[in-house]
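Protein sequences appear in the order of chains A and B. Taking this note's numbering, I'd label the letters of the first sequence as residues -18 to 96. Taking this note's numbering, I'd label the letters of the second sequence as residues 73 to 184.
In short, the hints are calculated from the structure, not lab data. From a predicted model like this one, the values you see are computed outputs, not experimental measurements. Among the hints, a few may not be true.
Claimed, not checked - Not the full set, but computed from the structure, chain B residues with beta-carbon under 7 Å of chain A: (1) Asp111; (2) Gly115; (3) Ser118; (4) Leu119; (5) Leu121; (6) Lys140; (7) Ser169; (8) Lys171; (9) Phe174.
The C-beta atom is built at its ideal place from N, Cα and C for all residues, glycine as well.
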Amino acid sequence: KAGVTQTPRYLIKTRGQQVTLSCSPISGHRSVSWYQQTPGQGLQFLFEYFSETQRNKGNFPGRFSGRQFSNSRSEMNVSTLELGDSALYLCASSLVGGSSYNEQFFGPGTRLTVL
Amino acid sequence: KQEVTQIPAALSVPEGENLVLNCSFTDSAIYNLQWFRQDPGKGLTSLLLIQSSQREQTSGRLNASLDKSSGRSTLYIAASQPGDSATYLCAVTQGGSEKLVFGKGTKLTVNP
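Modelling step: build the complete structure from the supplied sequences, incorporating the hints.
This is the structure we're talking about:
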């Protein structure tokens, strides 16, 4: 069974540009969450999606947005990139959103560098 | 607001030693607690999930315990090996959400 996949694995952008990251959950998993990991702040929650609906959102500016498609694949978008957006962006999937007894599985991440 | 703390931040041990990693959380109203391992520059690998009604879970050389009332969990690693070197993270969920609140992790180095 394939794990969580994220594309691209690495991205280099310049300030002011925008970027779209993609996450494909484990087959059958309907919940997808996104996290930002930086050395200073650690892992911080961005959003959670279930059945194409955003169920929860972290404390990030409106430049960060996301969506989920009918096949459970998810994308996140960051507009007007800032240097501080450089981070490892991780996606996690779980079998059924909402029960919270479900083990969450993470993808390998997308390393975003903003110059 | 839930806060998760992991102590120590870093730990270096000789191969073969048994060790304990600690995790504490401020709000005992959790749904579950999950331990992860992260190798440098990589994603997170799930190690163990403990539901709020459980006291412990075991997988191979790993044993995780949960004391919800005191807001603590421990990850016990038996007979440590150099391949166990990684950062170990604990995280909790609450309130019917899949949102994980993470600690900052313990960086473990097992020396041959």
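Practice task
May I ask which of the numbered hints given earlier this structure violates, with the numbers listed in increasing order?
Solution key: 1, 4, 6
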